[in-house]
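Colleague: The whole structure should be built from the sequences, with the hints applied where relevant.
Number of protein chains: 2
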Amino acid sequence: MIGRLNHVAIVVPDLAAASALYSTGLGATVSAPVDLPEHGVTTVFVMLPNTKIELLHPLGENSPIAGFLAKNPAGGMHHVCYEVTDILAARDHLKAQGARVLGDGEPKIGAHGLPVLFLHPKDFCGTLVELEQVAA
Amino acid sequence: MIGRLNHVAIVVPDLAAASALYSTGLGATVSAPVDLPEHGVTTVFVMLPNTKIELLHPLGENSPIAGFLAKNPAGGMHHVCYEVTDILAARDHLKAQGARVLGDGEPKIGAHGLPVLFLHPKDFCGTLVELEQVAA
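Chains as they are written, first to last, in full-length UniProt numbering: chain A, 1 to 136; chain B, 1 to 136.
Careful: at least some of the hints might be erroneous.
[What the hints assert, rightly or not] Computed list of lysine to aspartate or glutamate pairs in DMTMM-like fashion (alpha-carbon distance at most 20 Å, straight line):
(1) B/Lys-122 <-> A/Glu-106
(2) A/Lys-95 <-> A/Glu-106
(3) A/Lys-122 <-> B/Asp-14
(4) B/Lys-122 <-> B/Asp-104
(5) B/Lys-71 <-> A/Asp-123
(6) B/Lys-95 <-> B/Glu-130
(7) B/Lys-95 <-> B/Asp-123
(8) A/Lys-95 <-> A/Glu-130
(9) A/Lys-108 <-> A/Asp-35
(10) B/Lys-108 <-> B/Asp-86
(11) A/Lys-71 <-> B/Asp-123
(12) A/Lys-108 <-> A/Asp-86
[Said to hold, decoys possible] Sample of chain A residues lacking proximity to chain B, with all beta carbon distances greater than 10 Å (derived):
(13) Ala-32
(14) Val-34
(15) Gly-40
(16) Glu-106
[Said to hold, decoys possible] Now the in silico label distances, taken between C-beta atoms and shown as ranges:
(17) B/Leu-36 <-> A/Ala-135: 17 to 27 Å
(18) A/Ser-31 <-> B/Thr-85: 37 to 47 Å
(19) A/Ala-17 <-> B/Leu-102: 19 to 29 Å
(20) B/Glu-106 <-> A/Asn-62: 40 to 50 Å
(21) A/Asp-92 <-> B/Pro-73: 22 to 32 Å
The set of hints was computed from the structure by calculation and includes no laboratory data. Every value quoted in this text rests on a predicted model; they were computed, and no experiment measured them. Just so it is clear, CB atoms sit at the ideal spot from N, CA and C, and this is done for glycine as well.
Modeller: Given below as structure tokens:
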């Protein structure tokens with residue numbers, strides 16, 4: 001069912017410092033910061049040959065990652081995102097096995113303009129899991 | 001400098017349950033458990049098309065992940081591993097920029113039989129980073 005690891009998301013307290021760390025320190029190619037006000041985050045993409053790291057920082061009030069950063073002031077790994085080709089089939093399969101989908105259970109349009117769902121970390125070994133629907 | 005994301009490691013409290021979650025629940029291909037007594041872990045590999053997830057469970061006394069599991073009884077994301085082609089050059093570059101290498105600073109042979117180093121999470125946005133040397 002799941003395909004590629006689309007990204008690993010890391011919440012960071014200072015986006016400029018984190019960008020420098022990944023570019024100058026680790027020698028990776030990083031994007032310019034992108035504000036996503038409808039998602040309450042600013043994102044920097046670290047482009048790796050096989051996947052990407054998304055550095056996230058809260059944007060605006062009521063950012064969904066503000067609480068995470070308050071609990072983890074140094075930052076930390078926030079979620080992993082797996083690709084699926086049929087997000088509704090994936091959701092229904094997982095729900096039938098007792099996994100909990102966050103929110104109202106309906107896919108939303110995520111940071112990449114594609115349908116996404118989040119699965120409860122308590123059902124996935126303490127790991128917040130995002131599913132993103134990609135073309136088959 | 002860094003290349004592919006080699007793996008994301010997730011510490012889990014119950015390896016059989018986590019394997020079933022990733023195979024039956026998420027529909028991924030998972031390996032049989034592999035005991036690595038010299039590393040103090042038992043590992044299950046979740047094979048994705050572009051990278052892998054390593055599910056880790058403590059093995060034996062003094063497992064290096066026992067403390068993590070005690071703090072995170074439901075499990076959680078433990079580290080990310082980036083590939084490099086020259087681990088000593090990567091280490092020296094990072095140390096020159098103030099990053100701290102865990103342990104004595106010398107590469108050890110990791111779970112895949114290749115030289116690895118771990119970088120201090122406080123220097124990497126709260127994320128434990130493993131570097132693994134692969135063939136150029």
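Colleague: May I ask you to test the hint 40 to 50 Å on the CB atoms belonging to B/Glu-106 and A/Asn-62?
Modeller: 47 Å, holds
Colleague: Just want to verify: A/Val-34 was marked as not at the interface with chain B; is every Cβ pair farther apart than 10 Å?
Modeller: A/Val-34 is indeed farther than 10 Å from all Cβ atoms of chain B, at 18 Å.
Colleague: B/Lys-95 and B/Glu-130: Cα distance at most 20 Å?
Modeller: 14 Å, holds
Colleague: When you check the alpha-carbon spacing of A/Lys-71 and B/Asp-123, does it fall within 20 Å?
Modeller: 18 Å, holds
Colleague: Compare the distance between the alpha carbons of B/Lys-122 and A/Glu-106 with 20 Å, and conclude whether the hinted pair is satisfied.
Modeller: 37 Å, violated
Colleague: Going straight from one Cα to the other, do A/Lys-108 and A/Asp-86 come out at no more than 20 Å?
Modeller: 14 Å, holds
Colleague: Between A/Lys-108 and A/Asp-35, does the CA-CA distance stay at or below 20 Å?
Modeller: Satisfied, since the Cα-Cα distance of roughly 18 Å is no more than 20 Å.
Colleague: Does B/Asp-14 lie within 20 Å of A/Lys-122 when you go C-alpha to C-alpha?
Modeller: 13 Å, holds
Colleague: A/Ala-17 and B/Leu-102, beta-carbon distance inside 19 to 29 Å?
Modeller: For A/Ala-17 and B/Leu-102 the Cβ distance comes to about 21 Å; the hint holds.
Colleague: Quick check for students: does the CB of A/Gly-40 sit more than 10 Å from each CB in chain B?
Modeller: 19 Å, holds
Colleague: Checking one constraint from the list: CA of B/Lys-108 to CA of B/Asp-86, max 20 Å. Satisfied?
Modeller: 14 Å, holds
Colleague: With the threshold set at 20 Å, check whether the alpha-carbon distance from B/Lys-122 to B/Asp-104 stays at or below it.
Modeller: 17 Å, holds
Taken one by one, the earlier hints fail for this structure at numbers 1, 17, 18, listed in ascending order.
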